[in-house]
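There are 2 protein chains.
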Amino acid sequence: MKIANHLQLVLLVTVALSVVTPVPAQEPKTFVMAPSQLTLMPVPASVQLQTGRLAITDAFAVATRGFTDDRLRRSITRMTRRLAGRTVITLPLDLSVDESSATLVVQCERAGSSVPSLNEDESYTLEITDKQARLVAPTVVGAMRGLETLLQLVQSDRGGYYLPAISVRDQPRFPWRGLLIDIGRHYQPPEVLKRNLDAMAAVKLNVFHWHLTEDQGFRVESKKFPKLHSLGSDGLYYTQDQVREIIAYAADRGIRVMPEFDIPGHSTSWLVGYPELGSAPGPYKIERGAGIFEPALDPTRNETYKFLDGFLGERAALFPDAYMHIGGDENEGKQWDRNPRIQAFMKEKGIKDNHALQAYFNQQVLKILQKHGKKMIGWDEILHADLPKDAVIQSWRGAASLADAAKKGYNGILSAGYYIDLNFPASQHYLADPLPADSALTADEAKHVLGGEATMWGEWVSPETIDSRIWPRTAAIAERLWSPRTVTDVNDMYRRLAVISYQLEELGLTHERNYPVILRRLANNENIDPLRTLVSVVEPVKEYRRYQMRPQTMLSPLTGLVDAARPDSDEARKFAAMVEAFLSDAPRYRLNRSDLRDSFKRWRDAGTALGPMIDRAPALQEARPLAENLSEAAIAGLEAIEYRSTGNAASSEWRVAQLTKLDEAAKPKAALELVIIPSIRKLVIAAAEPSQPR
Amino acid sequence: MKIANHLQLVLLVTVALSVVTPVPAQEPKTFVMAPSQLTLMPVPASVQLQTGRLAITDAFAVATRGFTDDRLRRSITRMTRRLAGRTVITLPLDLSVDESSATLVVQCERAGSSVPSLNEDESYTLEITDKQARLVAPTVVGAMRGLETLLQLVQSDRGGYYLPAISVRDQPRFPWRGLLIDIGRHYQPPEVLKRNLDAMAAVKLNVFHWHLTEDQGFRVESKKFPKLHSLGSDGLYYTQDQVREIIAYAADRGIRVMPEFDIPGHSTSWLVGYPELGSAPGPYKIERGAGIFEPALDPTRNETYKFLDGFLGERAALFPDAYMHIGGDENEGKQWDRNPRIQAFMKEKGIKDNHALQAYFNQQVLKILQKHGKKMIGWDEILHADLPKDAVIQSWRGAASLADAAKKGYNGILSAGYYIDLNFPASQHYLADPLPADSALTADEAKHVLGGEATMWGEWVSPETIDSRIWPRTAAIAERLWSPRTVTDVNDMYRRLAVISYQLEELGLTHERNYPVILRRLANNENIDPLRTLVSVVEPVKEYRRYQMRPQTMLSPLTGLVDAARPDSDEARKFAAMVEAFLSDAPRYRLNRSDLRDSFKRWRDAGTALGPMIDRAPALQEARPLAENLSEAAIAGLEAIEYRSTGNAASSEWRVAQLTKLDEAAKPKAALELVIIPSIRKLVIAAAEPSQPR
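Taken in order, these protein sequences are the chains called U and X.
With the working numbering as the guide, the letters of the first sequence map in order to residues 20 to 713.
With the working numbering as the guide, the letters of the second sequence map in order to residues 20 to 713.
One chain only, chain U, in its complex shape (with noise of 0.2 Å):
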């Protein structure tokens, strides 16, 4: 079976409905447009373009048929309210009584979940027609899906706004799509959760994991503990009608909305208000640091589970989730080495070290969980003989150890590869799988590999430009926990992106936006343009790199030029193809020459025009010798660009003095990096080179 991976070069995109049970692909009937056109992310199981096309006009109409209900209807209005937005066209809000003359036709047979489950079915079928759309789905939610591919097919030329006609075939590869947000670290206010959530729906998660606790902070309101938030938050921390009001705003878009409460580790901003349940006396203080710290619960003491008994019961009747994530990550274990009474504890119990001391803990927070009706789930860390099956690990090392816990017979789905706070490109992630290729296991054993989730940790984020980090990247992680496996042409993902990611302004997403707003802040306002050069082409250093170079604090403002940098750069990645064709088209070297060159003249100028900019601005201080580096660098890209252009090569002296410019210039400062360096390390290298015939 030919299996076509993206919607770029083939005309017809026929792909498998599901990697276990694929269906053979279908014949061609007829294209009218080139498939480039599309944009869908993530790519449908099985898309069928069709002759034809649907107008888009003021007469546009809803109907339903079949199961509606309340939650259906607002997600029709939420779409007609975005399909007006983009078209300016005023569009009848109420539904269509008449199914015949509607425009789009959204035929569901039941609700589906009343809580968001692991189990919805989100499948649906939407056909396109010069006559009618037509939305078929078993569920509410997988009708939302169905809204959203038809949010992302709307095309517009001089005739107007339309839809082509087409046969869509979907249903998610995995059933756990997930997005981490951490407000420990730093707090997030609910209306930035909200977009998140509008974001996450457009592109198909369907699980919000929300970090509610760490070292730095403890965010959620207790009322059976209340010095838990209002000790452990410096007063910020979300009531439980905020809890409450984005959970019902997941719902309605048919997201899971899963809390974790870290323990044993992790847990600094607890012991503020309860110090008993330390293993050190104490007192502790909001941590305001980055990094692993000690404080962890006392596993050993029963008002230790009596706490977590009225905690957990609590939070379990606030969170209607079936799994309750109970951290389990990082703890050392060091309060626990050096508190007598624990050791004494271990000793009597026969626990011969601090991992099965933890898995004691977990055996106990496990009773608990099921008391409440909750099922765990946890980090790697958790995994112990004891740990029931329908437990789930979350895994951050990676693929292989979720095979192996597949193996065991568990649940699981993996975060490794989706660190978005790393830094790392869009193209990195996405060819991150849970279940890769060549994964050795069974089809049974594969159905425990439940999916994945992106992981927003908080250290370094604000409610300014937490969304800059979050998107567009997520979008690549949501494409490969979505659609088949075989989707996996980075280009194309790249080409649909940079739609995907301006269509998720309409739902207020600021990660475009802002950037403009923090370079204009630190250039005390005057002309942005030669600093927005600069940062275009600068990436935040990756790993855990940042805090290394230039440390901070949780209380230190996030207004950088780090903070403005974004992780994927567009300019650098178009740069290196740019390179690539130059290089390749020898011995002409024409491909791209002049456009090569005038952006090696953008960024010498840029580089140069930032020095006064820099003396008026004391914050972009930092940037001084990157704005050196981006203008030496542009010229020895520009030399040796002529070099190439008349066909004599550079000497090897000029190609010592370049490298050695440019390994400085490849050095990170002020946490970023220039990273169109290595291409034009490559153009210096071949400027030395002997000249080809002409």
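Each pair may be met inside one copy or between any two copies, as identical chains are not told apart.
20 Å max Cα-Cα, derived DMTMM-like pairs, lysine to aspartate or glutamate:
id	residue 1	residue 2
1	K390	E333
2	K593	E545
3	K213	D260
4	K304	D113
5	K213	E264
Keep in mind that the hints were calculated from the coordinates and are not lab data.
Since the structure of chain U is already known, use the hints to place chain X on it.
Using the frame of chain U, we list chain X on its own:
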């Protein structure tokens, strides 16, 4: 006494502390910087620059002295966070214990009113030396006003961020400085209100007038009469918890929250759930149009007043402000005219016309408000012989109407001149004075003029656009209401407004950042430069012409070109000044010539580039004639400049042809006006005048 009326032209700014009781100007001490570097807005009552600077470093510490409470601490924390955000310096958030080494000492005498009040003392003094800044205020609210001044004083140069040494003595000219936001026509979520409250505080406004009900929406939960919000709001209303949250948020910033429940007219949405309150039988539907509508409460039935007693009693408990606004505007009484029972009632009671009937209604409402401990405020229409002297008139009619009321002993506030929904430029609002220099009021009468309010009527604003309709223009109104009357330099106002406008971004205001978002959406995410060039020189049509030219409903998307365009084109204003300078430079015509030429070329090319872009983006169709007009007008301008530059007068045929084209270009299209046309006309006319000797 010499009164300096702006900061730009004088080195020492010392203006009257109060219009009623001016204090003598103090002698200048020293001046070390051009005050044109100062961008205070509103201009304080008295400012003296002195020698020296106070550096802002990571050792920045704040101590309090005298009275301290949580509200003061929170306001200091907010100030510190903003300062940290601007400077990208990690500043300690805890108060310093050591006053002598603190960078800033805040000294208050008392909390001030527990509920923000009309009688609040908002005065403060701020003394900054190179050793320390000292902010002294009788109340916490006064201290907050001073903290905003301090943030506006932050400067920077190569040496870092600093505060200039300065002495500020400040107090408001008027005690009532408000912003009305109408969320009846279009609902605005709490976060929109919160960021606007932050912006209000930044420019020292102190009344949020919350227009909560309209024909088009009843937007606040009533537990007593739940059909009001459940049937009258499309589900878009504030819960009572949200109302309390907004009130607390405002109080934290020293801002009163005055609710308005507009009766007896503007009440269609009330009648959807409670048709028996209307003066016609109903049923009623939420109004979707714009304009004045007929439905009005029935003023003749006891049940109406019983309902209002229950309703306003519930509101009085929810809203702590001393005043409650009953609207009272634009009831034409057509339902009353047609209701025989109402006519019989009027005859029986000897009520001669609808105005008298409304006065009767108001009298009953007044008793209800008094019973619940509230003072009444309403629009001009409520003024009547029986109105008690503690009522307040809000005048949409003008300062003369206000003066009349004042002579009769009534307090009043001005809104005529401050209708920011009508798209007039800031300069026009700026010069409207509640108590003009030529006022004939005595000093005692003048005390009845309490201030004014900008009014953001909600017909054509969405959460995406509303900030751009309020800001930055409202900052000019805020200055009018705070600063001495003599502060009237429009050019200097605009100079400072540009800085304040961008500073508002740090509070999350979206007036600038959402502009490219709307343009990108309209242009299908193509390069928006040409579109931006066009939109930068158009303004939405003034007054109520938008609805006439481009009818829409309350359900229409507010995502069109007219929604992107802003009411006060900076570019057009600067262009007009350039043209004036160019023409006044006769016979040389060199001043600005090259800049003008560049502008014209840019406009010409943008108009041309827009053609194919519009082809691909149907929502931009309405821009086509504007794009063509822009090109044509730019070509006319280019030619005019060439004539003036060469010294050859253009022919009268050329002149007539150009003026005909410009007349056409001056006609509004898509509810937009090309506001550069009058200046180009001047160039064309000048070009055809006989050349002067060179």
